[in-house]
Amino acid sequence: MSFFFEVLLGGLLAGVMYSLVAIGFVLIYKASGVFNFAQGSMVLFAALTFVSLLERGISFWLAFVLTLLAMVALAWTIERWVLRKLVNRPPITLFMATLGLSYIIEGLAQSLWGAQVHGLDLGINDEPFEFQGMLLSQFDIFAACVAGVLVLVLSVFFNKTRTGIALRAVADDQLAALAVGIKLEKLWLIVWTVAGFVGLVAGLLWGARLGVQFSLSLVVLKALPVLIIGGFTSISGSIVGGLIIGASEKLAEVFLGAYIGGGIENWFPYMLAMLFLLVRPTGIFGERQIERV
Amino acid sequence: EGEQYFPLQSYRIGPYAAGGSGFFGGFIDYLQYVNLKDGGVNGVKLTWSECETEYVVEKGVECYERLKQGLNGAPAAATNPLSVGIAYATLDRSTADKLPLITINHGRTDSTDGSVFPYVFPLQLNPYSEVSAIINYIGTQSGGLEKLKGKKIVTLYHGSPYGKETNPILELLAKKYGFKLTLLEVPHPGNEQQSQWLNIRRLKPDWVILRGWGVMNPVALKTAQKTGFPADHIIGNIWSNSEDDAAPAGNAAKGFIAITTHPSGTDFQVLQDIKKYVVDAQKGNLEDPKRFGTVYYNLGVVNGILNVEAVRVAQNKYGKRPLTGEEVRWGFENIKLDDKRLAELGALGLVQPLTLSCADHEGGGAVRFQQWDGSQWHVISDWVQADRELLRPIIEKSSHQYAKEKGITPRDCAKES
Amino acid sequence: MTARNPLLTLEHISLSFKGVKAITDMSFSVAEGEICALIGPNGAGKSSLLNVINGVYQPDDGIITYDGEIRTAMRPHHAAERGIARTFQNIALFKGMSVLDNVLTGRNLKVQSSWLEQAFNVGRAPKEALVQRQKAEEIIEFLRIQPWRGSLVGGLPYGLQKRVELARALAAEPKLLLLDEPMAGMNRDEKAEMSRFIVDTQREFGTTIVLIEHDIGVVMALSQHLVVLDYGKKIGDGPPEAVRNNPEVIAAYLGTRH
Amino acid sequence: MPVGALLHIQNIEVIYEKVILAVQDISLSVAPQSIVALLGANGAGKSTTLKAISGLASAQRGEIVDGRIEYQGNDITTTPPATLVERGLVQVLEGRHCFAHLSVEENLLTGGFVHNPSRHKLNQLLESIYHYFPRLKLLRKNLAGYASGGEQQMVAIGRALMSEPTLVLLDEPSMGLAPQIVEEIFTIIKNLRDEQGMSFLVAEQNAGAALRYADYAYILENGRISSEGDAEHINQSEVLLASYLAG
Amino acid sequence: MLYRESGQFSTSYPADRRIFRLYQERWAFYLLLAAAFLLIPWLGNDYWFSAILIPFLVLSLAALGLNLLTGYAGQLSLGSAAFMAVGAFAAYNSHLRIEGLPFLLSLLLGGVVAGLTGVVFGLPSLRIKGFYILVSTLAAQFFVLWVFTTFAWFSNDSSSGVITAPPLVILGHDFSSPQGRYLFTLTVVVALGFLAKSIVGSELGRNWMAVRDMDKAAEVIGIALPKAKLLAFAISSFYLGIAGSLWAFCYLGTVEPHGFDLSRSFQILFIIIIGGMGSILGNFLGAAFIVLLPILLSHIASGLLADTIDAGQLENCQKIIFGGLIIFFLIKEPDGLAKIYQTCKQRLQVWPLRF
Ligand SMILES: Nc1ncnc2c1ncn2[C@@H]1O[C@H](COP(=O)(O)OP(=O)(O)OP(=O)(O)O)[C@@H](O)[C@H]1O
Ligand SMILES: Nc1ncnc2c1ncn2[C@@H]1O[C@H](COP(=O)(O)OP(=O)(O)OP(=O)(O)O)[C@@H](O)[C@H]1O
Ligand SMILES: [Mg+2]
Ligand SMILES: [Mg+2]
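Chains as they are written, first to last, in our numbering: chain S, 361 to 653; chain U, 32 to 448; chain V, 581 to 838; chain Y, -9 to 237; chain C, 550 to 904.
No lab work stands behind these hints, which were simulated from the structure alone. It cannot be assumed that every hint is accurate.
Mimicking EDC-like on lysine to aspartate or glutamate, the simulated pairs with C-alpha atoms at most 16 Å apart in a straight line are [to be verified]:
#1 U:182 x U:237
#2 U:428 x C:706
#3 V:707 x V:721
#4 S:546 x Y:76
#5 C:678 x S:651
#6 V:813 x V:697
#7 V:690 x V:647
#8 C:678 x S:487
#9 C:881 x Y:53
#10 U:285 x S:487
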């Protein structure tokens, strides 16, 4: 039984790591209706930039600030050369544009910083300690706190501030948003920068886990089902989704994998998400689609 | 006179770039070294050109088709894709085109049987030999193979054909020696392994064999640490044995053991020479000079040594001129590296003694074990040989099945010289 | 009212959305072959009522009798099969398709041949394709939209889109046609033309029509039966002239500020 | 060219997607504190003209390829819409375009953000809109996407007024509104002109109503201006009948 | 006045429905076909057949499959490669396990099995919409690959899990040579291309587009949404399945599940974006573009810039160029190469006038 709880806890903590990536997604989707597939590449780009700066002897915080500036520059470029030119296009077009973006960002990251694998040490201990017979690590607890804080801050931002309302308006109807004088350019810049920041945080935590390397961009595949269960438009949904996915996939791998063959973690979250959708077609906290005729 | 051409299906970007850029860096540097030091092989200059595959099969095929004709009249000697997928996809083609396909340390196990696969060379070590050697090592560590009885061994493998290939052999060995084997799969790419390691924690095995690939390796080490499994009882296989696999795991990798067919480091004559002739002359292929002497780089050098040796052997028979693929193939089948020859090549201790033949396209089948000290590898064992007698019938069974499917009549190796 | 049989009867229909009571205890019937107009202030529940009739909304309460069949709710697909076609207040055309294709989709329920026959152009398919096309062309001609037959509807001006939408509905050869503000955004002449189409439809095929319209002039000229809604309740029902003079209607809709 | 015009358009030509010519050679002006009607049949180019002025045409892959637009004496041919709204030029789009997932009140609020007013001021603005459209106050917490067609039209107009504009471009404001609301809206427009000095450029199919309140009118035919004049004059002349426009 | 006899159109409808209405176009197309079947087999070399033409044809077919689903029926999918894998493995296994089954039939069977799988993963589309449907196709993507790697039965218990394609013998003729494989692929692709054209022009195609453009309205006018959507998944997956088999048997000669991973799905999606969604021609243009561009770039680089830029950087540049092109297309020509082709044609027709 204690093994069960250990797996459960491990899963919940792993789920939080997924949430970190998912938050970046939700942010952009909620704010502009763009399903940003490039979030994974942004995570890679941020982590790679950071670690490369670090390796060039720059101090931690300076590297952090410089990376953040790089993310602002990236956001600016994306706004200027992609989003601005795709105003008022259907969501699917924007989605595909982000696919293109992910190619560009990955290519850029690799040509700037090379393709080697880099180790990253954040100075947070990842060694286990026993807690009531279960293993816990400081690192996981730290990651969980970071995710919690992010969710809190961002939720307040979206629901309580004027910018938040404007952002949701943009997501609904860009033409009308333009017509009422919302500055799309400015908002996009803000959102993509914040998403870049979230990407950086996720990139650092994941990078400390995996090493900073190309595979970081693949963590979006873990974030997708999280997003879908939580709902594309809900920040707190991404945490709940992360916990559900994390816990259930670990339990499934350990207890179900023994019967149907291991390695089911890749598809299990998607199947689970699919079942969830059959009950709630827009995820747990997702906004309902409005269809009036 | 003339030039001998090496078509390089390299990969320097994408998820596996670290391996590709190291390997092809070493390979190219060795070829350069031969040109710079000796002016080629018996006066035949070596040339090459690269085509990026990104480790993607169809790009590899395109590269193969593009490069196989040779370059400016220089005929191609052999292809070295360093990718199981590309090797599979070009296997039929290279046989038809009579161009040797070198899959050093990897590839199709049954292609060891040269009578069915005349053009395919899994040099040094095929996957079966690899696990057999690992079990032999664990046996010696436990004080003899008979002590394996009752031991618990977990194999953590990458969820791909590559990862699974050795599972039947492990099961066979488990039966033979009486150890308890548990196979755990890590789905590709392997960036989350919490559940597998919690399982390991519950099973409390004596050893964990890591058949990883790419990001799966450092994550395995990190997660092992998190779940309290000691790194010095994890044994990495041939694709879990590079600096790029251990270093990103930081502290967690300290003590990690892995096999190797060729030690890393630079205290080998040939590497010193490469440094002198190539690297110090600013002609090195590596983007990051710090990677000189790393596992992948050295594997590239070893691969270069073997390819060039094949050309040299074949020249002895066919004359000192650029050779066709068919002729180079004969060279490969007649490579004979004993300690004396290895010393001449400056590769003593770097390359294992190797004798290839028509029937045996693997040749060596031995590995050494190395341990990570947090920043580099240290060799901790002598050559450990695989149980090749045990494996041969299995290999032949498989190759003959292939021959039947494809309607190939195996060569009679007794008649070959 | 007319002596003809009722084609559609609503009895005690109620519909509400979280907090908003869109329709309260609504009953009326529409006789076969008549043009019945629904009028009422904005948000009175007119569109909702059409949605209930063809099954887009399920009423909370009440009974719908259509063509002898008694139901508590319809499904849109079932309604279409039973001969109910409609147009929408917010144009709901297939924007990426040509006018002709839009009209042809309206005929989807009339197609007999299977998709395989059509794909390989064998069996009933070739002949049927001709028939369908001909019917579609007739409707296109009837509504005078031939010049735009091949254009994508997305780029057409609003008024034309409304006409295409009517064409699509007519293509189904419906028994009951529901029109939600078919003349919004048109000038008088265009309205007159549209009215003519509507009257012709009714005359030639005996189609029963329920229509929502805010232009009281058009309503008076067109309809034989008028139902007035005011915030979910029916406040008038009968021949146009009688209803028009009903003081309650005047107060709620036509006359001064409420 | 009228001196001191608030808005002045010279010979503009608009092309969609680089191939569809929507309007050409359009010139018109709007005097301060006036209501100008823009009349024309379906597809005549009314909406296109308005969108060209407000800078929204480019968001629909349209382009002003010729001519220039002046507002308050400045060239605004390529000025982005947000800047125009800041300067008091706002458009109410044809077809309502409410933010479906925002409540009615949030919809109105989005219109008020441009000048970054205090919360108090914002509430005042809201109240004034609720005063014009009492129905909206009832629905303030409901999602705009579920509101009826006419209600959404009110939201769209109210939202534009929230920015306290100088010049409002109204695209078919009467569409889908019950007759007495139409009269109400035009009365509101008239009051705003008289009391707050706003100007309106109104594209309408409902020529009758529009001309009753407008000062001046232009008639568009096939992407060109076919005639113009004082509203009263246009209303009585044969022009209207001749161009099939009577409302 | 409605429904009166108006025979004047009836004679011209079939002509109107033809694929190419202008005779110049029709002839150009016939010429192209003739060249593809008669000329190219003589002119081409190994490299052209094996590295360019065959993958081009197979990818066109796969894109065609996805285009039916995404471009016509409006259902976004990231699982195309999974259905290709199902096709390939099903064809391999039916060839292997059903004694004496002609190759063509096992190919067809592969397609049918893929189609059925498509239906299964299409079922959620009856309830979920928009981006959420991605989850179902991604589930297919990961689940299918897992099944093929986990259960060795599918690869005939081969130790490496990689299956080797049997020789390509059709009706007693050996098509194993590069020419043969090219001709066979070409025949299949052309036949299925015509079939697709006919489907999208039929009622089913219209229903798909209706579902894509506004499914609520489609439902109201009586289109059976479940049927239309599931057929879209089925037919699309059928095409993908056939393409998968061709990929395995005619192109690579081997099948490894990971050859059908997510990046393949993306590649196919890119083809339809660049080529043009909702266009048949676009698939071919897009596939040509995707197959040729990287080759062209690397040829240029190895020719001109051989020493100045290393292969890795070059590939990075290529990635950037690729991403850039996708965005460029979305900005400038959202309807892809097919639309550009049409615009050029229209320009030519009205030339020298501007509009
Ligand atoms: N799906 C829904 N969810 C919530 N409220 C709804 C929904 N549909 C309609 N309503 C509400 O029901 C009331 C009636 O709406 P309906 O669309 O039927 O009005 P209408 O009479 O057609 O008005 P208009 O003339 O403006 O189109 C409105 O207040 C609207 O907000
Ligand atoms: N986004 C667009 N893309 C392509 N063509 C367009 C677009 N919008 C309008 N058009 C074309 O431009 C022309 C003018 O259209 P516009 O919408 O300006 O007319 P309108 O006078 O407002 O008509 P309505 O009274 O129907 O609203 C029409 O022929 C229309 O087809
Ligand atoms: Mg309504
Ligand atoms: Mg308009």
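Verification of the supplied hints:
Restraint check for residue 182 (chain U) and residue 237 (chain U): the C-alpha separation of about 6 Å stays at or below 16 Å, so the hint holds. Restraint check for residue 428 (chain U) and residue 706 (chain C): the C-alpha separation of about 13 Å stays at or below 16 Å, so the hint holds. Restraint check for residue 707 (chain V) and residue 721 (chain V): the C-alpha separation of about 21 Å exceeds 16 Å, so the hint is violated. The suggested pairing of residue 546 (chain S) with residue 76 (chain Y) holds, with an alpha-carbon distance near 14 Å, which does not exceed 16 Å.
With a CA separation close to 12 Å, the supplied pair residue 678 (chain C) and residue 651 (chain S) stays within the 16 Å bound. Only pairs whose Cα atoms come within 16 Å are accepted, and residue 813 (chain V) paired with residue 697 (chain V) is rejected, the gap being roughly 51 Å. For the proposed pair residue 690 (chain V) and residue 647 (chain V), the alpha carbon gap of about 19 Å is over 16 Å, so the pair is violated. Of the pairs offered as hints, the one joining residue 678 (chain C) and residue 487 (chain S) is violated, with about 44 Å between alpha carbons and a cut-off of 16 Å exceeded.
Straight-line distance between C-alpha atoms of residue 881 (chain C) and residue 53 (chain Y) comes to about 13 Å, which keeps the hinted pair within the 16 Å bound. Only pairs whose Cα atoms come within 16 Å are accepted, and residue 285 (chain U) paired with residue 487 (chain S) is accepted, the gap being roughly 13 Å.
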